Structure formats: structure tokens, C-alpha cells
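Using the sequences plus the hints, can you model the full thing?
For the protein sequence lines, the chains are Z and S, in the order given.
Here the first sequence stands for residues 3 to 690, where the numbers follow my numbering.
Here the second sequence stands for residues 3 to 690, where the numbers follow my numbering.
Rather than coming from a laboratory, the hints here were simulated on the basis of the structure.
Bear in mind the structure is a predicted one, so any value in this text is a computation, not a measurement.
There may be inaccurate statements among the hints.
Identical copies carry no separate label here, and so any pair may be met within one copy or between two of them.
Below are the DSBU-like pairs computed for lysine-lysine, each with C-alpha atoms no more than 35 Å apart in a straight line [claimed, not checked]:
1) Lys443 to Lys241
2) Lys368 to Lys134
3) Lys155 to Lys369
4) Lys588 to Lys466
5) Lys675 to Lys182
6) Lys182 to Lys368
7) Lys369 to Lys183
8) Lys182 to Lys322
9) Lys250 to Lys322
10) Lys369 to Lys182
11) Lys183 to Lys368
12) Lys354 to Lys134
13) Lys550 to Lys369
14) Lys391 to Lys155
15) Lys443 to Lys134
16) Lys443 to Lys588
17) Lys179 to Lys681
2 protein chains.
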Amino acid sequence: MMPGSTRARATKPEPLTHQNGGTMNGTQFEGRRRVVIEGITPQVDGGRFPAKRTLGDQVRVEADIFTDGHDAIGAVLLARREGSSDWTEIPMHPLVNDRWTAAFRVGEMGRYGFKVQGWVDPFETWRRDLLKRIQAESDALVDYLIGADLVTKAAARASGADATWLHERASVLRAGKDAKKLRTHATDPMLHELIQRYPDKSVATESDQELSVVVDPVRARFSSWYEFFPRSTAQEPGKHGTFADCEKRLAYIAEMGFNVVYLPPIHPIGHTFRKGRNNVQEAQPGDCGSPWAIGSEEGGHKEIHHELGTIRDFQRFVAKARQLDMDVALDVAFQASPDHPYVREHPSWFRKRPDGTIQYAENPPKKYQDIYPFDFETEDWRGMWEEMKGVFLYWIGMGVTIFRVDNPHTKAFPFWEWVIAEIKRDHPEVFFLAEAFTRPKIMYRLAKIGFGQSYTYFPWRNGKEEIAAYLTELAQTPVREFFRPNQWTNTPDILTEFLQMGGRPAFVIRLLLAATLGANYGIYGPAFELLENRPIRHGSEEYLNSEKYEIRHWDLNRPESLRQLIAQVNEIRNSNPALQSDWSLKFHQTDNDQLLSYSKESEDRSNLILAVVNLDPHYTQAGHVTLPLDDLQIPHDRAYEAEDLLTGERYLWHGPRNYVELNPARISGHILKIHRRLKVETDFEYYL
Amino acid sequence: MMPGSTRARATKPEPLTHQNGGTMNGTQFEGRRRVVIEGITPQVDGGRFPAKRTLGDQVRVEADIFTDGHDAIGAVLLARREGSSDWTEIPMHPLVNDRWTAAFRVGEMGRYGFKVQGWVDPFETWRRDLLKRIQAESDALVDYLIGADLVTKAAARASGADATWLHERASVLRAGKDAKKLRTHATDPMLHELIQRYPDKSVATESDQELSVVVDPVRARFSSWYEFFPRSTAQEPGKHGTFADCEKRLAYIAEMGFNVVYLPPIHPIGHTFRKGRNNVQEAQPGDCGSPWAIGSEEGGHKEIHHELGTIRDFQRFVAKARQLDMDVALDVAFQASPDHPYVREHPSWFRKRPDGTIQYAENPPKKYQDIYPFDFETEDWRGMWEEMKGVFLYWIGMGVTIFRVDNPHTKAFPFWEWVIAEIKRDHPEVFFLAEAFTRPKIMYRLAKIGFGQSYTYFPWRNGKEEIAAYLTELAQTPVREFFRPNQWTNTPDILTEFLQMGGRPAFVIRLLLAATLGANYGIYGPAFELLENRPIRHGSEEYLNSEKYEIRHWDLNRPESLRQLIAQVNEIRNSNPALQSDWSLKFHQTDNDQLLSYSKESEDRSNLILAVVNLDPHYTQAGHVTLPLDDLQIPHDRAYEAEDLLTGERYLWHGPRNYVELNPARISGHILKIHRRLKVETDFEYYL
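As C-alpha cells, then:
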């Protein structure tokens, strides 16, 4: 399926209120559609893109619905699997200010469509007015005749026993003379209920277009990622790791509680212009090269680097991960080393220079001669797109369900919109993480066109105000309809200055923040848990002796390792639904600029987690946290318990303002489970 | 033209990026449109409605425009009179954060369309990179060969002398060997400029739809309304006023500086169930009835009540107003008295009850038996719509250019959208004021579907915070693209409690607020200028002895009249462009809750008006006003002058914080013209 077909994007059909336009005297235009439907949510860019949800969610839809004058109205939400003709109809209910709502549950992955219908409801108008008239004792026989006519019309729309019952009731209303009896018959709740089933939709208004929702697996909303280099997993220092080694590593990762293992590219690595250790221009013999310089005479994007093992080994690795309830995420970097078979087989996919050479990657005056970018303006873009789609399908066939896409912002947007829709049509369980650390509009666009998760600016947000502002934008604005953040502490490209300078507490702080601010978060290990913090040089975010250019051997059992703390944090995430979604995130006031406080709740509000983090990696910080008790549904008149899930300590708190003190030498944050109601004397039997 | 045709509403064509959908192997879909265009402003409800502007405005368009990777891009704004095939192309320029802008001027009334195009610009990319390479002395011959190819391609798109010149330059770049000369030829500004004229738009992206702007007369943005009852204009008490009397009244109104005179309905008034003075159920013989009970055996909406005069008299009145540069606004109330000819001629336009009677207006248990509402669900809605359109056209034929529409929210929305588009297609100089004091979404909808001005909640906003919040919503949010407020001090239906209780200062306060907060404002006189403030009863906003039900005789020369102050305020409005638009409105901090301060500026920023109003009608209030000097472009290091345009007093102010004191016994507000630069010693010649 190509973009442009109804499934790949939202169309904007003619609004029903102006159906088919044309002259007024034509038969098509209907001027009596008096109900207005506006401002439907969720809606991304006027329906151009689907909103994102995960399996099992209730999709809450809201709309402004009203009509002229004072007539009562009715409205329904209509939802379906996209393309199905089987609509589910859910009655909508008014909130305030002409806003109506209803929800539908998405029980399958893939796309759903929804729309809204509204109509003027003359029976309800009549009933409401009659009740007022009865109240004022100003009801007259004619009022019941009017009602009888409305009931007769409803009877004509009904069938079977309902129709019979309504016809009878209409007769009673029409013939009745006794005011008291008429009142009883007219206001009978049974009549009301029955008529509700048969609204007159002949001049109902339907929303301008079918809006859509894409339903991803739950792991698109809640995931804990662990990135590692397969080649650095050998037991023996200096040896090239294999998938067999990786298999052994899985237990270690699973014990820490991660559920996604993400591997940098596993393909053959080019030789031409290969980079040496620490990214030096000339590789030395034996240097293993960067896995992102994809392709050699061994093959390209569908091949496995021979030192890692075979495709069978890889499949066994994936199966083993699955046994541990972990998904494998693969890095897809659409670029080629000069040795990639594509360069020979599809020269037109690369830009040729007038001297006959192929254009390598450049950021003038810097040259990256080991990398050929694909030319998305090639005449053969169709062939290239199909081949790239094939790369995803190949690895899906090998058991991969998540793709971390390298620099998607340097490839054409229409390609991503097409390929993600194509893949997800047949594999709705697959999702894509966009690795685009670039300008905000571009990052958001990638999310709109299909990426199910996105890297963020989180690594560089260290101050209280900037963390709160950015995370609030992500969790509390319409951005959340399409952009799912994945908060990383570090990556092979990003060793932040905060981590470089803050010692072990800096790692603890960033772990606590990432894992509690982000329902999706990730670390790059073992560098992270082993507190690796040496940059290649002052002012750089590159690791010294980066695994990007050499094989490392890690001593996982070093005593300073954070693996225990990580395991504890992931266990807290797994057992507290509040931490498995970002939409409830709220920041709270503290009177110390180094103390950041925020809460998350489960959708049913039964699970409330309050985090307080000391952002200062050097000194103890103390102060008061002020909570909005009403918002958090904490009683004002009772103490409540704040149970620290990291230390097991329990605090008895009273009222909105409570004292905290955090010493980085001990632990830089609280993850507090709030127990809203503590027992008081009157709760116990002996009090009675 | 009916709604549904391309002119009455915005269509949402297929996005060009996915043009014509279809299979990838078809010829239609183009995957190489790499530029993304998003978030275009102005845009109302995703392009469903036009944005509003007035004659001569610069329409500033902005859009997010970007592409993948690091290539340079180009973009243009395309604008045209709607329906014309003559597009004007204006280059767009980048602001920050991938936002681009350009503006087009609307020199005619009516509708304009606009769209945005963007494309990847390989020449600019090459030129930018070449400059970096030259800087780093890393430019090579191949770079110039690449440039030569790009210049050759541009030459192919050019013609005449330009083509020749470009071909020659391409040859030079291709053949050159001397680095210095090549650099000069490649970076020649002439080459750059010439190539800019011939961008390669073969895979350009065009915005998803043509957006539209409706251009109204200037008076839709800047108007001063005076409402009065024609029948209350006779020289002699107790006599019915005529259009001849009204003509005499015009000079009085013009002297006060108004530019719109608005008349309640001037049609024959029904007899059946006529209301008496002070809205009593039974009229007494001789009671004149309410002008809103339209229609009698004399005629209906196209007829003039005989006691007012003839249609000729009315035309003379309109002509006289025009001589004084005033427009006449007519009240259009689509409802009928039981005696209206429509009731006989078009019984199907009214709802019949089962007892054969016609449904009168009701708000149960209240009955308004003197009024029959039209039934917008009538089978003959087409005939009724055409007749109503005819009413507008009839009065346009008599010289009316503005219609104040009574209770538009009790008539079907599709009707208004249709009729306003119909009228404005041939009469773009006409506009409509929506008299809908109802729920916010409904008021905004009416504005979206075509009303050029709207009544507001202003009469009931008296506190500092609520005024600032509401007016900021109207002037500083996207609401302003479609909703033009008209701020009224009072109307025949609205004598606010603030006016009832606050004495003369209350009238002064409301006048100053309305006239300076609202570029469009109005008063209902002579009740307003003569300080009429007695309600029919405590707790009601109805006037005692309301002109709605009786003829009043006003002594215009009473010494307490506000006519002088009103004249002064209107003169200030007329001579200060800052007060002729609402979009620059900003509220400023004061340290007294009774002092409201705000400023407005002309678009060129040369005219800056600061208002300070004491909201307390009883007591002197004093405090400090704090101005954001940088925002207002007032130098920090010099004094500036605040010239009170009401009193002529001049204040020398320094810095952001200055003292004000306002005594309601004198005048409740300052209207200060800010002179930003005062001369200091170094400005004078003798200093030198």
C-alpha cells in the first residue's frame, strides 16, 4: 500500500453539513443539519495523522457539539477497525461548555477509525419542556398531542414489540383527558428509554472526516531498554563476542529488569576508509571498524557480520530473549560503506559526482568517506524504497519486533511514512524508535509520520525548570497524541557533561529521572552501570575508547556497579502501573531549586507515585515539597503514608507541605508510593 | 452560490506530497517531494473557515518548512483573489525554529486564497558548502564541476539573456583551473541572484490546501456605533418620531464622532398579543408595541412602519448619514408577529401544533405569544432561505451596508454560512454583527461562519483580572483570526448593575473601557449619554420605561450629558491609529487592584497609547503602573512623556514604574499618548 491510499493517511471528505455542495436546488445539499460538531480530540494536524494508543486502551474522544436555539441534542461516537464496515456506536455525554465525550476500547493492534454524529432530539426537548410545564402547572392537552405525534414518529422508526408499545403509548397520550394520568404516561422512564433507542437521524450531522488511531503494542508505551555491543560480550578480553556470548549476557540484562535489548548494527563492516580506534582517520590492522559503516563483500543490511555468528545464532539469541520476556530491537541505519553490495548493484541509489566518484557523507569541510548516503532523489526511488522495506521484513522474519532507526531525519520523510505504514499493515506489533537528535519540528514530524517512540532532549535537561518545562510539553500538551518519548541516560554517542562531572551520584540521578519520568527509558550498558565517564577529550560527549570503534571487555561484577539499583528501579516500574505511562505526569512545588518533585498515577488512580530527586550530585539538599492534595485525592484531614520503594523507609506525612532531605552519598532520590488513607482510631472496631 | 461550492468553504485537496495516491508503480505518486510544510497560519479550524482581514492589510503568513538532512531549501507564498488563476508569488524568509514567513497585501474586498510551496535548493546547498570549503581551503576542482552542472540545469530552466549568461558561467566553472578565479566566478552574487529566479520545482511540495482570507471594509475593524430608536426622535414629547426627525438627529450623533448609526427594526409592528409598556402582557390602546414583533397587514421585513415615513424617507436618511461619513446599520430579526404576511403566505415556514395553531416562541413555562419563530426544519427551507436573503438584498438596495442580526444563534448555522457568503460574494463591503449573548462556542461558531463583528461578554466584565483575561483571549489568541469583538457599554436589553449602581463615574468608566479596549465599540443612546440607569426592578437589567415598548422623549441638552466626553473620546480614537485595531492590546501590571492599565500600538509602532482606568466608581485610587519598556520600545535611559489626551496634562515619566492617581469625581481614566523620546541637553545644537 502506498501513501495516498485511504489507509496510509487521513482523507478529509466533504463535510456532511455541506454534503456534495452543488446548487441549493439540487437534491444533495441538506440545509437542515442544525447540529454543529467541532474541535474533536484526539486529532493530529487536523486529522492528517493518526493519534497513537496502545493495546487495550480506552480511547477517550471529545467534541464540541451544539445546535442553534434551545433544542436538546443527542450524539454518538462511532468507531471501527479501519476499513471494516462494522461500526460500534457509543452514546456521548455532555461535560461542560458544550463539550461531549465517549470512549471506545481498542482491543486489537492496528488502525481504528472514529467519527461523531449529532442530531436535534425533539422528543427530549419536548420532555424537558413538559417537565418544566408540569412543575409550573401550565401543561395543556395540546402538549400531550405534540408528544403523541413524536412518539408515533419514533414508533415508525422502531420495529417489533418496541414499535407496538410506542404506538400504544402514542394513542394513550393522544386520547387522554385526565391530566394526572397523562403526566404519568408522558414522563414514564420506560418511554424515555425506549425512544432513546430510535433517534431521528434523518438530518443528523456527521463530523467532517473519519479520524484515526494507531494501536501499538503495550511495549510502545512502557519499555525499559538496554543497549549493548554484541562484539563486546566475549568472556575473554580482546576476543570478538558472538551471539552465543550475547545469549549468555541476556540473563544479566533480564535480572536488571529490562524488557528490550537493543543491538547496534550487526552487519558486515566496510573496509574502505575504515575508522580506527577513537575515531582516528586511519584504521590500524586488526581494528574492527564502526558497525554503522555497513556492508562489505560479505553482504549488507540483510547479512550478519561473520565474527558474530550466523543467522541461526541470531535467531537463537532472539528466541532466548523472548523466553526472558524481552524484545530484540535492531538498529537500522540506511547508509552504505563503499564496499556495500548496493554500491555495485544499484549505483543509481547513490549520488555520482562529475568526476565519476560517489558522493560520500559530508558536513563541509568535514568528510566521512567511509559512508555513502542514499540519494532519496534517485530516479529509482521506488526500487530503493522496496529494497529498504525488504530489510525490515527480513529481520521481522528473524523475530525482530522493534527497530531503532539511525538518523531518520537524514532520509526523506515520505519514505518513512510509506514504509512504516506498509510494515505495520501486516505487522501491527512492530514499532520504530526514531534516533533523531535534531530540531524540534523535525523530531515531531517523524513521530507524526509513524515512529512509535522517539529519542528526546532529556540527556541535556539537568535543571529543575528545564526538566519540568520539557517533560510537561511532552506529557501534557497535544504533542503526546503522536510523540512517545524514550528517555535515555546515555548512548554510545552521548556521554553528557553531567555524567562526566557528577560522579556516581550523577548516574543515580539520571537513572532515577529517566526511569520515573519516562515510561519508556533506556541505558547504554555496561558503560552506564559501570559508571564509565571518561570523554575522549574535554568538551566532547564522545566516550574515550568508544565501543563504536573497538571491542571492550567489561567486568560486570565490579562492586561499584549500579546493577542492583537498576534492578530495583525496574522492579518498581514493573509493579507500579503509575510509572507505565507518561500522561499523568505532574510537577510539584519545592522550595529548593535542586529538589525536583513530580508524581504519576495509574489510570484508575489507585496507584500514586511521588518522586523527589536531588539534582545536585555533590551536596545534600533539603526542603519542603508542596503537594496539591485535592488534585491527588489525598484527604486534608488525615495523615498519609509515603513509602520509599528504594529504601523501604516509611514517612507519615500531613497536609500539603512536607520536609525531605536527600544526601547523594546515600541516595539521590525518593520514589515514594503514596498510601492515601491511613487508619485512625475511628476505623477500628474497638472504637465502637 | 451554495455552501459546498469551493468558494463557500475551504476544501482539503489531496496533499501534494501524496498526490493522487494510487499504487507506487503508477505515474502519479511522487516520493521525492522531500520538503515538509506544516502549521500554516492564519488558518481557522484546519482551513474550514477563512481568516478575517480588512482592506489594505498585510496578511502575514507563517509556516514550518523543512526537509530531511542538511540541504538548503527555498519557499514561496502564493496568493490570489479567490477563483482567479493569477497567483502572486512572494519569497518566504526563515525566522527561527524552521518557521518561515512572507506577507501579501489585500487591496480589494472579498476573498483571497493562499498556499505555500517549498523545495530543496541544490544550488544554495552547494554554494553554502563551497563557502565553508573555501574558508577551510578544502575546495577542489570537482566542487566546481558539481557547481557547473547545477548552473547548467538552471540555464535550462531560464530563457533569453539569463539562459545565455548562465550557460556561459557554467562553461567557465567547468573549464576553469585557476582556484582563485573559480572562487570568484562561483561566489559571484550575480550568479546567486540569477539562479534564485529559476528554482527547480519539479519535486516541490505544496501545502495541503488553499487557505482563505476574507477581506472586509476597514469599518469592520474600526467602528463607533450609536444605537437609537427612530420613533423617539420627535421634537415634541409624545409624538412618534419619523425619518425626517432622525435626519436631524444625525448631526448630533456625528458631532459625537460616531461612524455607524444603528436602528432597531423599522418595520410594521404586529397587533396580536402586542406587549404594553414595561413589557406588560396586555397592551393599552395607543401602546406602540415592540419593533421586534415584526409584521402586520402593512407588510413585513421589507416594509417600513408607516409612522416612521416612507422608503424614500429612509433612503434620504441613509444618504444624509453617508454625507456625514456614517454607515447605517439595520437590525434584522428573523421572526414574525402573528400578523406578518409570511404567516398567511408561507404557513409551512412555521411549526404547526396538533390543534392547528402555530407554535409561538416559548421558554417554558414562559410564553411569547406575540412572536412566531421560523422553523428551520421546514420542508421549504430553500424557499425560506431565498426569501431571507432577499430581505438583506432589499435593504442593501436601499443603501444599508451593515446588518446587526438579532439572536442569530436561534437560527440554523448552515443558513448563516450560506446567506453571508451569498451576500458578500456580490457585496463584499457589507458585514454582519452577531447579536448572540450565549455560550462561548456558539458565539465563536457564528463568527467563523461569516459574522464580521460580534457582541461580547464585555458588559459584564468589571473586575481587573476578568477584563484582562477576556480581552487577552480575544486579542492575543487565534480567536482573533475569526472573531471581531464589538464592545458595547449598554443596549436596550442590557443596563448592567455596574451602570445602575455606579452613578456617572460608572458610565465614564465603561465608555473609556469600551472605546479604548475595543476598536469596535458602541453605545445605546441617548440613554447612555444621559446617564439613564433605572432598571425596571431590582435585579433586572431591563430599563424602566424601556424604549422597546414605548416612545421616549430625550432632552439632549441636559447639562450632565456625556456628549462632550464622548466626542472627545471618539476624536482621540479617530486620530490615534493605535486605537483602531485590537491586535496590539497588552495589559500591564499595576499595584492596585482597582487600576487597570493597558496599551495599544499602531502597526508601524509610531503611535503608542497607554490607558489607565480606575475601575472603582466611588473612590479615588492611586498606585504605580509598571511598563515593559523593552517591549514598548521606550528607552530606559531617558525620560518619556505621557500626554493625557483627555485633560491635556503632560507627565514626565522615568523608567518602568510611575505613579498615577485617578479621582472619579474628576475623571476615571487616563488616555495617555506616549512620546518615547524626549530631548535631552545633547540633542540641542547649543550643546555642541
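Taking 35 Å as the upper bound on the Cα-Cα distance, should Lys443 and Lys588 be classified as within, between, both, or neither? both (24 Å within a copy, 29 Å between copies)
Please sort Lys588 with Lys466 into within, between, both or neither, judging by C-alpha distance up to 35 Å. Cα proximity of Lys588 and Lys466: in one copy and across copies (13 Å, 30 Å).
Have a look at Lys550 and Lys369 and pick one of within, between, both or neither, based on CA distance no larger than 35 Å. within (18 Å within a copy, 83 Å between copies)
Checking an output row: Lys368 and Lys134, CA cutoff 35 Å. Within, between, both or neither? Between copies only: 10 Å across chains, 80 Å inside a chain, cut-off 35 Å.
Quick one: Lys182 to Lys368, C-alpha cut-off 35 Å, is that within a copy, between copies, both, or neither? For Lys182 and Lys368, the Cα distance is within 35 Å only across copies (22 Å; inside one copy 92 Å).
Cα distance capped at 35 Å. Does Lys369 pair with Lys182 within a copy, between copies, both, or neither? Between copies, since 23 Å is at most 35 Å while 92 Å is not.
How would you classify Lys443 and Lys241 at a CA-CA limit of 35 Å: within, between, both, or neither? Answer is neither; intra-copy 43 Å and inter-copy 69 Å both fail.
Identical-chain pair category, Lys179 with Lys681, by Cα at 35 Å: neither (61 Å within a copy, 90 Å between copies)
Are the CA atoms of Lys443 and Lys134 at most 35 Å apart within a copy, between copies, both, or neither? Between copies only: 26 Å across chains, 54 Å inside a chain, cut-off 35 Å.
Within, between, both or neither: how does the pair Lys182, Lys322 come out at a Cα-Cα threshold of 35 Å? neither (76 Å within a copy, 63 Å between copies)
Could you place Lys183 and Lys368 in one of the four classes (within, between, both, neither) given a Cα distance threshold of 35 Å? between (91 Å within a copy, 24 Å between copies)
Regarding Lys391 and Lys155, is the shortest C-alpha distance of 35 Å or less found within a copy, between copies, in both, or in neither? Intra 56 Å, inter 32 Å, cutoff 35 Å: inter-copy only.
Violated hints, in rising order: 1, 5, 8 and 17; the structure is consistent with all others.
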